[in-house]
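Since chain G is already given, all that's left is putting chain U on it; use the hints.
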Amino acid sequence: MASENILVIGGGPTGMEAARGIASIGYKVTIVEKRDRLGGTPDASQYAALTPDMRSAEEAIGEMVDAITNSPNVTLMFNTEVIGSSGSVGNFKVKANQGGKEVTIDAGSVIICTGFTHFDPGRETQKYGYYEHDDVITLVDAEKMFKSGNFVRPSNGEKPKSVCFIQCVGSRDRQIGNEYCSKVCCGISSKQAIEVRQHVPDCKVFIFYIDMRMYGYWENEIYWPAQEKYKVNYVKGIATEIVKKGDRLLVKGEDTTMRRPLEIPMDIVILAVGMEPSEGTKKVADIFGVKKNKFGFIETIGGALNTVSTDVPGVFAAGAATGPADLEDCVSSAGAAAMKAIASLRTVAIPA
Amino acid sequence: MALNPMALDLSGKKYANVAYEEKERLFDEVKADDRWHHVLYGCYECGICVAACPSARFYDFSPRVIAQAAAREDVDLMYTLMNDSVWDCSQCFSCDRCPRQNSPGQIITIMREVAVKNGLKTAKEALEGYGRIIYKIMSTGSQVSPDMLQPNAFPDWGGHVKEISDNLDVWRKALPPETLHTTETGWKITDKTIVELYLIWHMTGVMKLIEGVDEGLFMILVDVMEERLEEAGYDDISFD
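One line per chain: the protein sequences are G and U, in this order. All residue numbers for the first sequence refer to the working numbering, where the first residue is 1 and numbers rise by one. All residue numbers for the second sequence refer to the working numbering, where the first residue is 1 and numbers rise by one.
Because the hints were derived from the structure by calculation, they are not lab data.
Lysine to aspartate or glutamate pairs mimicking EDC-like chemistry, simulated, CA-CA at most 16 Å apart:
#1 U/K14 <-> U/D76
#2 G/K236 <-> G/D255
#3 U/K13 <-> G/E263
#4 U/K23 <-> U/E73
#5 G/K236 <-> U/E45
#6 G/K95 <-> G/E81
#7 G/K231 <-> U/E45
#8 G/K231 <-> U/E73
#9 G/K291 <-> G/D311
#10 G/K340 <-> G/D311
#11 G/K161 <-> G/D202
#12 G/K93 <-> G/E4
#13 U/K13 <-> G/D255
#14 U/K124 <-> U/D84
#15 G/K229 <-> U/E73
#16 G/K231 <-> U/D28
#17 G/K95 <-> G/D106
#18 G/K229 <-> G/E219
#19 U/K117 <-> U/E22
#20 U/K31 <-> G/E228
#21 G/K204 <-> U/E73
#22 U/K14 <-> U/D84
#23 U/K124 <-> U/E211
#24 U/K188 <-> U/E178
#25 G/K231 <-> G/D202
#26 U/K124 <-> U/E215
#27 G/K144 <-> G/E58
In isolation and in its complexed conformation, chain G is listed as follows (with noise of 0.2 Å):
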């Protein structure tokens, strides 16, 4: 007997989108989540700002949550995590642990939404110390300070009067294995640098890196104000290592364009961290037999004219779980995804 229900796997912006699409035309979704609630990671790692237009994410994501929460056509799911599957398109039987009990989800077809997770900057191959200084931290930890209102040294509490970001940090580096790019840091970094001026107008600010990418309109609503506006300066050129000189940090690199060795001391260093697939993901992919990439994302096998096909019929991936994205990525990929999901579901009903 086939299933109408679609079975959307994680909670985050793309699992909320492919649910709202679901219901919107009038079929039934679960959401499995395996934290208690909606949001994903925007909402677990408390982001502050959204790129490039610097809207609340609370209030963004509140209004994806808000959309789905009380919809005759959304089965919520929380503190659930799958754990096996049988069938095939039309008819999966989907195994999930809910909070210690084992149950059975039916569903035609499946929308694996389970993102990524931030590079550890702990297995990075330069000397840049994440775990060794305080002052030495992440875009995420950043995130977390704008979002307090409070944008000082974590090592002391003192407004910062440099700050550099690194770029790259975890992407496009064959020696950690991560040769793609991530997409996103680039304007996430110019979007902190720019929030790093307004919270500490008198700090400086730098941005160490390889190539800027900044893609279509987030070139002039956010590189071309940090730069131009803000006056963050740009340094072609990635630093090589970081150590402790005094109560600061000496950043060592190049400026390349300036052909000059460089070694600016700075009292907070954010690692401008890339994407690596979750845990949740390559977990995921192996239940439903999906095929993954090298780097352990799921592989979408249309090229570019199906980002959201899966090698296993009836199951679709969409959002970061098949590669580094940004949020508007996010949404796309799971608006074509429902409509996938719900066309693979109508072409098996049909009877023959």
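Showing chain U alone in chain G's frame:
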């Protein structure tokens, strides 16, 4: 870099003996110029300006470095450039093709003006060779004049140069416009025009600028100008 003695020192440390506050004061003066926000936005460091720059073919000169240092607000390097680099620019504005709409050439214009106004030693040295040209322009109101056409100055122009220069007055009178019947100036400059020019240079502070860079030239010009202005009835004008 060290191998080339003519190389531009980008370390920012070359003028370590000059106080940072002084460098900052000069940069602030540059930034305070009304044109500043129309000539500098942000720099991609892409080098399109250098690729188009004729001076960059001949000197270790880079309009990119100028825009870059300015965009980064690198006070030490801006001081080095104001001394060692801005006079290598030919002010052709070929660099005005920047995707960010910067104009390194116009940034340099402003930097040069600040260097001159503040009487920087390097500005004086750079302008030394131009004394004669400035004298000619400012005393007569035109620069190139027919009497500069001397056979020994232009041997490559051929034998007829001598013939023309011997009878320059006649040749000039053969030209239809009466205003070109001159030999000591490019065209006939009326008394009214030259007096107005002197007054403009006086009132706009150009004479003060020249006094700051080349006192000898300033004194000669003042002699010429004061006499002519007095004749025209402006006997209360003082250049002091």
